[in-house]
Amino acid sequence: MSVTDIDRRETRISPYIIDDRERGLFRVARKSFVDEDILTRERDRIFNRCWLYLGHESELSKANDFLTRNVGGKEVIFNRDRQGAFHAFMNTCPHRGAMVEREARGNALAFKCFYHGWAFNNNGKFATRMPPGTYPDDFNSDGCANLRSVPKLAEYRGFYFLNYDAGAVSLETYLADARSILDMLCDHGPDGMEVIGGEQKYSIRANWKLLMENSYDGYHAIDTHGTYFEYLADAIGGAAEMPAETHVWNLQNGHAAIEGNAPWGRPVAKWIPAWGEDAKSEIAQIKRELVSRVGEEHANRIAMLGRNTGIFPNLVINDIMAVTIRTFYPLAPNNMNVSAWALGVKGESEGFRKRRLDNFLEFLGPGGFATPDDVEALESAQRGYAALDELAWNDISRGMLKPKFEATDEEQMRCFWREWSDRMEDRA
Amino acid sequence: MSLTSGKSGLASGAELDHREIEAFLYEEAAMLDEWRLDDWFALFQEGGSYEVPQAGASDEASSSTNLFYISDNYFRLRHRVERLKKRGNHSEWPRSICSRMIGNVRLLDHDEGVCKVASRFITHRSKNDVTDMFCGHHLYTLSFASGNFKIMAKRTQIDMNTLRPQGRISIIV
Ligand code: FES
Ligand SMILES: [Fe+2]
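Protein chains in written order, with UniProt numbering: chain A, 1 to 428; chain B, 1 to 173.
Each hint should be verified, as a subset may be incorrect.
Calculated cross-link-like contacts (lysine to aspartate or glutamate; reagent style DMTMM-like; alpha-carbon spacing at most 25 angstroms) [said to hold, decoys possible]: (1) A:Lys354 - B:Asp38; (2) A:Lys354 - B:Asp17; (3) A:Lys201 - B:Asp159; (4) A:Lys287 - A:Glu230; (5) B:Lys85 - A:Asp278; (6) B:Lys86 - A:Asp278; (7) B:Lys86 - B:Glu60; (8) B:Lys127 - B:Asp38; (9) A:Lys201 - B:Asp17; (10) B:Lys150 - B:Asp59; (11) B:Lys85 - B:Asp17; (12) B:Lys127 - B:Glu46; (13) A:Lys201 - B:Glu60; (14) A:Lys346 - B:Glu46; (15) B:Lys85 - A:Glu241; (16) A:Lys354 - A:Asp426; (17) A:Lys62 - A:Glu103.
To list a few chain A residues with every Cβ distance to chain B over 10 angstroms, as calculated [stated by the list, open to error]: (18) Tyr135; (19) Arg148; (20) Ala168; (21) Glu230; (22) Pro372; (23) Asp373.
Going by beta-carbon spacing under 8 angstroms, a handful of chain A positions derived as facing chain B [as the list claims (entries may be wrong)]: (24) Tyr164; (25) Tyr202; (26) Tyr231; (27) Ile272; (28) Ser349; (29) Glu376; (30) Asp422.
Don't read these hints as lab results, they were simulated from the structure. Beta carbons are placed, not taken as given, at the ideal position from N, Cα and C, and that holds for glycine.
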């Protein structure tokens, strides 16, 4: 991963973006947030072709475990078969469409559709015997009665993704330098990470791309989240100052991250006085273990610096005062469903887990001291876009001509939008 | 109706009257509806807690192992209330208009000056020309002495499948 260079592409003017390299101006057409035809095109060019986050291996810890989830607008079963192999099936009956599994999670050897009773082994094979003559003898020789597998399923270090395009590039190629972010996350503990009890499912009445922009927007922190920083200052017993030095990483293929040292404590492994002396020795031990495993320099980066990462098109991994993964999908140009999880180190103590979750809730999620204000900002912007005839463009030029970008610039969003417009205009 | 004849005797010797419990809960809801937030915070005993597990979570879910929406100790609850009063709390500025209906009040248990109370709620929150509804039940641990209740713990169980479309819990539900 290298420091973001101004990439060498030409100035581009399209219906969606103006990317003026010489003048250092970047504009995004507001109609990208409100137009039905654009959403239809996004479904085709983006959600049906990009790798989309499905789930984490820790959510299916045993053979025969399953969960159901909406991924990119389609219902999916994510499960393990009797041998423990991972699968992902479209959660729609090959007979006449009903959802084959309607529970959120469980453990099952087989799935049975409630409508007419077709049954399937958990490897997807059709498993109902019919009286002879009911169907042609060679029925299902083409697999028409099996559960339909997603066209592509792959994992990187325990993070499972699917792709609705059978011709897509490999997940590793797609993730490109974003793999280094997942690597650092997996290195938090000696045994990797796991999803912690429960999925936050909420929605925002705004365009889905606004949440991607917001999730690594270092520029808004002080203005939007002033009240959070006031709380934090009291909690940590000192000024809550934002980092003087930050990095912006272009992770390629539309993925990007910002990185910096923020004032909050981090479960891996940055102690703050508010956590007390017991926690201090526990954190010191976590740090020692980390150093012994990955070396001093890398350990310092993992422990001391927070990272907000956007993986194109709709996965956010924020490794800040806690670790959250969130993904989101548009229901309409002005409405998205969000799913968010907390990640923790496998095997950490209960007291530590509690501290991690407390850290999560002080900032993140529908009841946190920050996320609701983000929601308000996104919904407010969405309402503003009704005036797109009068004001047609957003500006995300901040810092564009700087030799080195900072987290309070908007380069990370430009990484997203360049990829987005390439795909929307069939240049990718 | 007096409930003192039910289980063990009351340490304070005070009558634990169902109507008093209801009156307390109605007044609490009114404080929130009317944004009398300092009064509301003063209902909590020092060291009290306020929790909102995820929509659909069981009454037994624990904030040490489950991801909640809110798990406030007394310190953070005070900050939640302070934040609600600030202009910089953008989600609630300008303030939303809220209406809280309380019903099905039940005394679940009482002993040694402490009682457990449950109620059902429907809360409407209106802002930006959108009205959202929250429904579920509250669980209280109250201390009572000489006709005075204090909240030791309040838990709001949201009896909904998900937080769609509401999206946020920026009020005290
Ligand atoms: S739709 Fe599933 S069995 Fe008919
Ligand atoms: Fe934010």
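Here is what the structure says about each hint:
1. A:Lys354 - B:Asp38: Since the Cα atoms of Lys354 (chain A) and Asp38 (chain B) sit roughly 28 angstroms apart, the hinted pair is violated (cutoff 25 angstroms).
2. A:Lys354 - B:Asp17: This hinted pair is violated, its Cα atoms lying about 37 angstroms apart.
3. A:Lys201 - B:Asp159: The given pair, whose Cα atoms are some 14 angstroms apart, holds under the 25 angstroms limit.
4. A:Lys287 - A:Glu230: 28 angstroms, violated
5. B:Lys85 - A:Asp278: 34 angstroms, violated
6. B:Lys86 - A:Asp278: Given pair Lys86 (chain B), Asp278 (chain A) is violated - Cα atoms ~34 angstroms apart, limit 25 angstroms.
7. B:Lys86 - B:Glu60: 33 angstroms, violated
8. B:Lys127 - B:Asp38: 22 angstroms, holds
9. A:Lys201 - B:Asp17: 40 angstroms, violated
10. B:Lys150 - B:Asp59: Cα-Cα ~21 angstroms, so holds.
11. B:Lys85 - B:Asp17: It is violated: about 34 angstroms lies between the C-alpha atoms, which goes past 25 angstroms.
12. B:Lys127 - B:Glu46: 32 angstroms, violated
13. A:Lys201 - B:Glu60: 20 angstroms, holds
14. A:Lys346 - B:Glu46: With a Cα-Cα distance of about 35 angstroms, the restraint between Lys346 (chain A) and Glu46 (chain B) is violated, given a limit of 25 angstroms.
15. B:Lys85 - A:Glu241: Distance of about 23 angstroms is within 25 angstroms: holds.
16. A:Lys354 - A:Asp426: Since the Cα atoms of Lys354 (chain A) and Asp426 (chain A) sit roughly 47 angstroms apart, the hinted pair is violated (cutoff 25 angstroms).
17. A:Lys62 - A:Glu103: OK: Lys62 (chain A) and Glu103 (chain A) at ~17 angstroms, within 25 angstroms.
18. Tyr135: Nearest chain B Cβ is 37 angstroms from Tyr135 (chain A), so the label holds.
19. Arg148: 26 angstroms, holds
20. Ala168: 29 angstroms, holds
21. Glu230: About 8 angstroms separates Glu230 (chain A) from the closest Cβ of chain B, which leaves it inside 10 angstroms; violated.
22. Pro372: Its Cβ does come within 10 angstroms of chain B, the nearest being 4 angstroms, so this is violated.
23. Asp373: 4 angstroms, violated
24. Tyr164: 23 angstroms, violated
25. Tyr202: Check passed: Cβ of Tyr202 (chain A) comes within 4 angstroms of chain B, closer than 8 angstroms.
26. Tyr231: 5 angstroms, holds
27. Ile272: 14 angstroms, violated
28. Ser349: At 10 angstroms from the nearest chain B Cβ, Ser349 (chain A) fails the 8 angstroms test, so the hint is violated.
29. Glu376: 4 angstroms, holds
30. Asp422: At about 31 angstroms, which exceeds the 8 angstroms cut-off, the nearest Cβ of chain B leaves the hint on Asp422 (chain A) violated.
Hints 1, 2, 4, 5, 6, 7, 9, 11, 12, 14, 16, 21, 22, 23, 24, 27, 28 and 30, counting from the list given before, are not met by this structure.
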